[in-house]
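I would like the entire structure built from these sequences, with the hints used as guidance.
For the record, the sequence lines run as chains A and B. Take 317 as the starting number for the first sequence in our numbering and just add one per residue. Take 317 as the starting number for the second sequence in our numbering and just add one per residue.
One thing to keep in mind: the hints can contain errors.
Each pair may be met inside one copy or between any two copies, as identical chains are not told apart.
What the hints assert, rightly or not - Simulated pairs of lysine-lysine, DSSO-like, Cα-Cα distance not exceeding 30 Å:
1. Lys407 x Lys334
2. Lys469 x Lys407
3. Lys334 x Lys469
The set of hints was computed from the structure by calculation and includes no laboratory data.
2 protein chains.
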Amino acid sequence: MEAAFSPPDKLGGAPDGKRSLRVWLRLLTCASMVERRVAARFRDEFDTTLPRFDFLSALDRAGPEGLPLGEVSRMLLVTNGAVTGLATGLKADGLIETLETADRRVRRVRLTALGRARFAAMARAHEGWIEALFADLAEGEAEQLMTLLDRTKRSLQRTTPEELAG
Amino acid sequence: MEAAFSPPDKLGGAPDGKRSLRVWLRLLTCASMVERRVAARFRDEFDTTLPRFDFLSALDRAGPEGLPLGEVSRMLLVTNGAVTGLATGLKADGLIETLETADRRVRRVRLTALGRARFAAMARAHEGWIEALFADLAEGEAEQLMTLLDRTKRSLQRTTPEELAG
DNA sequence: TGCAGATATTTTAGGCTTAAACTATCTCCA
DNA sequence: TGGAGATAGTTTAAGCCTAAAATATCTGCA
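Following this line, the structure appears as structure tokens:
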């Protein structure tokens with residue numbers, strides 16, 4: 317349906333590649349800034365890290381059933397290896413526990429009571445930080461941004477690794 | 317970059333905090349996806365990494381004057397320690413060289429001829445990847461996104477760490 | 001039934017990052 | 001002039017990430 321490449325486009329001034337590049341750099345800068353600040357807060361106020369928070373968040377949503385590590389891996393967009401390490405640490409801290417499963421290859425984990433409590437406090441704080449960071453965006457702007465980011469995400473998903481080859 | 321967790325999604329009557337959270341998660345997801353794909357390309361086609369490319373890119377813009385490591389650190393938004401390590405590796409590969417400076421605390425570096433050549437090839441490829449990844453965004457959408465990201469960046473900068481305290 | 005291939009996780013090796021402590025050098029002013 | 005404090009960079013300890021190899025277990029089919 318759609319060409320996998322864009323022809324040279326001299327119509328509007330800057331060529332397409334440059335414009336995409338500028339969008340990407342701004343996107344990256346914003347993401348880095350937020351991440352850095354949030355990570356600092358998590359460290360200072362909860363003595364924890366963002367990946368650990370993300371892990372707990374996934375389990376919080378999953379409820380008492382818990383989740384297999386592979387599922388967590390897919391949700392967090394990180395490799396199995398990374399998840400294994402996080403799970404080890406969180407278990408050592410008593411925030412998660414392992415469940416018995418029929419398939420013994422699978423390691424299904426869920427929050428402990430302590431884990432739930434800790435996560436609730438962190439999530440509340442986290443929401444406040446994000447709200448403060450994005451406070452200058454008007455409601456309409458936020459909606460617009462969200463829509464454009466959705467379109468961006470779809471563009472990224474459509475572009476398979478093979479198409480990118482060159 | 318870090319993976320996203322997804323908050324419960326209550327469309328419509330969501331309070332501000334939730335909307336900011338959703339914007340942030342989409343932003344993070346997009347940034348992570350691009351970063352992952354670009355990193356894979358750099359590894360497969362040039363046997364290098366994104367941070368190294370970013371370092372070379374900063375030096376390329378700087379020209380024959382080069383840059384002090386501290387300046388690079390500020391441009392890349394990473395700590396001095398990270399920059400020291402990257403510089404060590406790039407120098408070992410013959411891509412950068414150190415310049416004499418009056419202030420002997422300062423280590424000013426610039427691209428070698430080899431570094432310039434390698435960077436040029438990588439930059440060309442990089443631009444193509446980014447263009448392909450964002451290809452589905454119409455010209456107007458890209459402009460709009462850029463504007464909104466600028467506003468976002470300003471909101472982030474306005475929000476000092478102190479204000480974030482809770 | 002039994003084995004080949006699929007699947008889930010862990011391990012390993014190597015790179016990046018941070019914060020904080022440390023070294024070297026410079027600047028300023030009493 | 002000489003030392004206190006600022007500044008630039010390096011080192012260290014610890015955490016996260018990846019890709020790829022290794023383990024363990026399961027499943028399907030001849």
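Hints and how they fare:
no., hint, result
1, Lys407 x Lys334, "between (46 Å within a copy, 29 Å between copies)"
2, Lys469 x Lys407, "neither (33 Å within a copy, 37 Å between copies)"
3, Lys334 x Lys469, "both (19 Å within a copy, 20 Å between copies)"
In summary, the structure is inconsistent with hint 2 from the numbered list given earlier, while agreeing with all the others.
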